Amino acid sequence: MPSDYRRIRYLTRRGFNGKPLVWAGISFAGMLITWDLLARFSGWSAQVFPGPIPVFVSMGELIADGTLLRHTVASLFRITVGFYLAVLLGLPLGIFLGRHKTFNDLFNPIVQFLKPISPIAWIPLAMLWFGIGDKPAIFLIFLSSFFPLVVSTAISVSSINPVFFQVAANFNFSRLEIISKIIIPAITPATITAFRISLAIAWLVVVAAEMIAVPSGLGYLILDSRNALRMDYVMAGMIVIGVIGLLLDFIMRRLGQLESTCWYHFEHRQ
Amino acid sequence: MGHILVDSISKEYPNRRKQARWGNGSGSPSSGILPVLSNINLEVGDGEMVCILGPSGCGKSTLLRIIAGFETPTTGSVLIDGQLVVRPSSDNIFVFQSNGLLPWMTVWENVELGVRKLPDLRSRERKVAEQIEIVELEGFEHHYPYQLSGGMQRRAELARALAINPNVMIMDEPFSGLDFLTHMKMREEVVNMHIFTGKTTLVVTHDIDDALIMGDRIVVLGVCPAQVRLNLRLDFPRPRDFQKLPELNKLRQQIFLMQGVTYAV
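Chains F and S supply the protein sequences, listed in that same order.
Just so you know, this note's numbering puts 954 at position 52 of the first sequence, and the rest follows in order with no gaps.
Just so you know, this note's numbering puts 99 at position 31 of the second sequence, and the rest follows in order with no gaps.
Because the hints were derived from the structure by calculation, they are not lab data.
This structure is a prediction, so every number in the text was calculated from the model and none was measured.
Just so it is clear, CB atoms sit at the ideal spot from N, CA and C, and this is done for glycine as well.
Hints may contain errors.
Said to hold, decoys possible - Listed below are several chain F residues computed to face chain S (Cβ distance under 10 angstroms; list not exhaustive):
(1) I1057
(2) S1061
(3) N1074
(4) F1075
(5) R1077
(6) L1078
(7) P1087
(8) A1088
(9) T1090
(10) C1164
Said to hold, decoys possible - If you want the ones that stay clear, here's a sample from chain F, every Cβ over 10 angstroms from chain S, calculated:
(11) P956
(12) K1003
(13) F1009
(14) K1083
(15) I1084
Bound conformation, chain F alone:
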């Protein structure tokens, strides 16, 4: 393995294996202590503002009776299906728009118009169209990821160095080879970043969608616990949401360090 590559791996890996992890541990410990002190001395009752210990005990209950796992799986299932749908439809459309300027000029205004509408605003329509259940939630996640993916893919395709397309023409590449050997490898690094960003948005949206449109998932767990005035369950749900969000981001970051994207990091380092 070449040395530059190893250097980049080393630099990026340090974020997880080196000292920063220690600092992260310290800051989380500090947060827990502050939380505990606030809960003890703020004068609020444990029903309104539970401390970390009751919350973790309750979380243990939720884990033990399987509730937490069930809701987590429900949320993850929705985000997976919605996100894959967005990737499956958004990437080809983005590549197409990036390659054909006329179509881009035609569709880009619509995409740009729909993009800033919060997926939450679609909830009434989504429920009317798809009823109660997984479908409206998946639809909302799809919406939240689809437009950012289309836009970022179209931009990264249109900014590929034209020399590479000339090389392709010179070496008699077929249409398929242009896509598989030029476009896809060229946009992979930027696309992984786009995945990371849109997955974070999708995770925000799934929780919000579950509060309204479905009777399961982490969002529903929080809403249901609020109705039962169990703030300890609400907080347990919030913690799980945060941890899963961190894990998703971690996975996407690891994807961004694949060998096939190293050339990009190097070019943009100089």
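Following the hints, position chain S against chain F.
Quick look at chain S alone, frame taken from chain F:
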């Protein structure tokens, strides 16, 4: 194979700046056009190495891109081996001025692009290894372009071009951006490659010494719109040395003068 006939080519571009200022009405209708090449005629024999010289911005690269089929001339035509050039083809490989290696592929994968249509895996591998050996990049097959020095990148690109076994090699400023010694070595390598393979080679350069040392023929273009000002066969033995070939040295002085440099040192 590799005879090129450039038949009275002209190329004009729309002049964007003048068109954009439609309001002041001062430009005549013809001022919206920028002529780059005017009536270029050129014949390159099979196996010849022709160096095209000219001041920057004179349209050298445009001429080259037309010959390679990346652009179409406004008038005139290019025939390679009697065939009209209408689009890029793997018969005429263009070696790019900036790096044309695909950065997401290793040296091996880049060189393999030229032979990927061969059905037999064994012969494909042999061919790639052979080309990498010619440009002396053994041991770097599995490096990515960004891990190579500038000179090695150019050599890898040469290997890729040679692997496809084209009739014509077209090189746009192949030594630009290289340091002095690498430049000299690459020049030697291109000349050796040309002697070894006998391929028709077109080289665009702004370096007069490069052209005189390398070319079987030298073509000097004038300022924009470019016309052929000089088309001369160089029958000097190789390796060429300005000190040992007084005639070549005299020619060098003349060309410097043509390009507006009075005291060539």
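Status of the hints after comparison with the structure:
no. : hint  : in the structure
1   : I1057 : 18 angstroms, violated
2   : S1061 : 14 angstroms, violated
3   : N1074 : 5 angstroms, holds
4   : F1075 : 8 angstroms, holds
5   : R1077 : 14 angstroms, violated
6   : L1078 : 13 angstroms, violated
7   : P1087 : 4 angstroms, holds
8   : A1088 : 7 angstroms, holds
9   : T1090 : 8 angstroms, holds
10  : C1164 : 7 angstroms, holds
11  : P956  : 53 angstroms, holds
12  : K1003 : 17 angstroms, holds
13  : F1009 : 26 angstroms, holds
14  : K1083 : 7 angstroms, violated
15  : I1084 : 7 angstroms, violated
Hint violations for this structure: numbers 1, 2, 5, 6, 14, 15, all remaining hints satisfied.
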